[in-house]
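Chemist: With chain A's structure known, arrange chain B on it following the hints.
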Amino acid sequence: MRKIYLDNASSTPLLPEVREVILPYLDEAFGNPSSMHEWGDTPREAIETAREQVAQLIGADAEEIIFTGSGTESNNFAVKGLALAQQNKGRHVVVSDIEHFSVLNSARTLEKWGFELSLVPVDKHGVVDPADVVKNIRKDTVLVSIMHANNEVGTIEPIKEIARLTREKGVVLHTDAIATVGTIPVNVKELGIDALSLAGNQFYGPKGVGALWVRKGVRIMPLLDGGVQEGGRRAGTENVSAIVGLGKAAELAEASMTARIEHLTGLRDRLLAKLPSRIEHVVVTGHPENRLPGHASFCVEFIEGEAMLMLLNSQGVAVTSGSACTSRALKASHVLIAMGISHELAQGSILFSFGLDNTAEDVDYVLEVMPPIVDRLRQMSPLYAKFIKTSKGGK
Amino acid sequence: MPVYSEKVMEHFMNPRNVGEIENPDGVGEEGNPVCGDMMTFYIKVKDDRLEDIKFKTFGCGAAIAVSSIVSEMAMGKTLDEALKITPRSVADELEGLPKNKYHCSNLGAQALHKAIKNYQSKKKKGGGKS
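Those sequence lines, one after another, are chains A and B. Its first residue numbered 0, the first sequence is counted upward by one per residue in numbering that gives the first Met the number 0. Its first residue numbered 0, the second sequence is counted upward by one per residue in numbering that gives the first Met the number 0.
The shape of chain A in the complex, shown without the other chains (with noise of 0.2 Å):
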């Protein structure tokens, strides 16, 4: 049977050269970092010189970059230590609707802390207005919040525009970039944002490492405390074989970046007009143009997510729903609800996240086995049952 992977959104899988790079540091290259002997030198200069890929890839300033364990780390330290570190200039914090979980919970936790939170809404397509953040920025606020583009939907955020308006308030402005960076161009400078949150696993790095930069002069607290690392920002021996791997997929993406574009946005555009020819009632979510390369995402009506899903999965396809029996915590995606989508309709979310390996035969593939099984989900579905006796009776 045909095995596709279509959740490259999820994660992404290690890139040879990235596997190559990754295994010394398994083997004889095992010191500690911080190790004032020979052990501690090659892994000490393979951190660095990630650094330097890394810095490279989003425009920025070696120094700048802090070393983390994960995307959600990042977020969770940007947020939470951009705005403790300027808790006496205010404690009001501006993130988001359609923010990815590490920030809105952590978001929610400054408000324990007895932070004041405003969120900014969204528009049918995901977009979020500059002028909104604008109208919920106050004398006390000391951190904005807005992600580079959405993982669920694609839609890619006007940052640069934000970024000139939180400048010219003064406040320090986030992006949450994990699924942008390594994927289309993200450059810190030209962005004009203060800090920038980046994980290995979106673009063939390995797992369990991803990056906070913070722009110079910018004040941050630590999140973990304890020795010295990462320029005493962030304590605990280093993830060197995973660092190293970032590192590498930094510098892979950068020189394959535009022809990735090309691929990615080939496929996706070839789902996204073909899947709706095929089947009826279904509805393409996120911006139609400003969207990431490879996110095709729809919500089908009358049927469920996670049973799409699984039909999916027992055809050998692989992808992602934001429904709320594929959540854990039972609720349907948020982010399609702060898009004005009803929670009806967002059951029946599914997002097909292309990647390198993928090909035109994967997406004539899909097209084949997709709406047999959105016709067999709705022969069980009372819903559709219901819209077409409804339909029929309107006639």
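Treat the hints as calculated values from the structure; they're not laboratory data. These numbers were taken from a predicted model, which means no experiment stands behind them. We put the beta carbon where it would ideally sit given N, CA and C, even for glycine. Take the hints with a grain of salt, since some may be wrong.
[Said to hold, decoys possible] Quick list of in silico lysine-lysine cross-link-like pairs, DSBU-like style, CA-CA up to 30 Å:
(1) A/391 x B/43
(2) A/385 x B/53
(3) B/122 x A/330
(4) A/168 x B/53
(5) B/6 x B/113
(6) A/206 x B/98
(7) B/124 x A/385
(8) A/159 x A/123
(9) A/391 x B/113
(10) A/330 x B/6
(11) B/116 x A/388
(12) B/113 x A/388
(13) B/122 x B/43
[To be verified] Non-contacting residues of chain A with respect to chain B, defined by C-beta distances greater than 12 Å in every case (computed):
(14) 26
(15) 103
(16) 112
(17) 130
(18) 134
(19) 138
(20) 163
(21) 251
(22) 275
Modeler: Then chain B, alone, in the frame of chain A:
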């Protein structure tokens, strides 16, 4: 994908008794699309036994499997026996459900019971068949 037992997978991939009954003796609906699970049970009753059961379900793998197994468990039983079907017995029959899917077994049992109660209340009003 949550870790589903083989029995759940079997009932999900090959659900029994999907459909509707024309002129059902009782109908029971439980859940709603906002929550993500909705089941409608249709029953035909003869001599106080469930002669036929059909269902339609909007929901996840567990929801579909639960509906299917409930219809199987209740088919041919007396109304009293069917009313004794509990979420627990449904989950057991399916050889276990993941913790966060137990509510699906609640829905299945409740929807069936609603259908039976619907039939019984119609009968009391003198409008039902026996």
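Chemist: All the hints need checking, so say for each whether the structure fits it.
Modeler: Against the structure, the hints:
1. A/391 x B/43: Holds: residue 391 of chain A and residue 43 of chain B sit about 26 Å apart, inside 30 Å.
2. A/385 x B/53: Given pair residue 385 of chain A, residue 53 of chain B holds - Cα atoms ~16 Å apart, limit 30 Å.
3. B/122 x A/330: violated, 39 Å
4. A/168 x B/53: Given pair residue 168 of chain A, residue 53 of chain B is violated - Cα atoms ~63 Å apart, limit 30 Å.
5. B/6 x B/113: holds, 25 Å
6. A/206 x B/98: OK: residue 206 of chain A and residue 98 of chain B at ~27 Å, within 30 Å.
7. B/124 x A/385: Distance of about 27 Å is within 30 Å: holds.
8. A/159 x A/123: Given that 30 Å is the threshold and the Cα spacing comes to 21 Å, the pair holds.
9. A/391 x B/113: It holds: about 28 Å lies between the C-alpha atoms, which stays within 30 Å.
10. A/330 x B/6: Cα-Cα ~26 Å, so holds.
11. B/116 x A/388: Holds, at about 25 Å.
12. B/113 x A/388: holds, 23 Å
13. B/122 x B/43: holds, 13 Å
14. 26: holds, 34 Å
15. 103: holds, 21 Å
16. 112: holds, 29 Å
17. 130: holds, 32 Å
18. 134: holds, 30 Å
19. 138: Holds, since 39 Å exceeds 12 Å.
20. 163: At roughly 40 Å from the nearest Cβ of chain B, residue 163 of chain A sits farther out than 12 Å, so the non-interface label holds.
21. 251: holds, 31 Å
22. 275: Check passes; 21 Å lies beyond 12 Å.
Hint compliance for this structure: hints 3, 4 are not met, and every other hint is.
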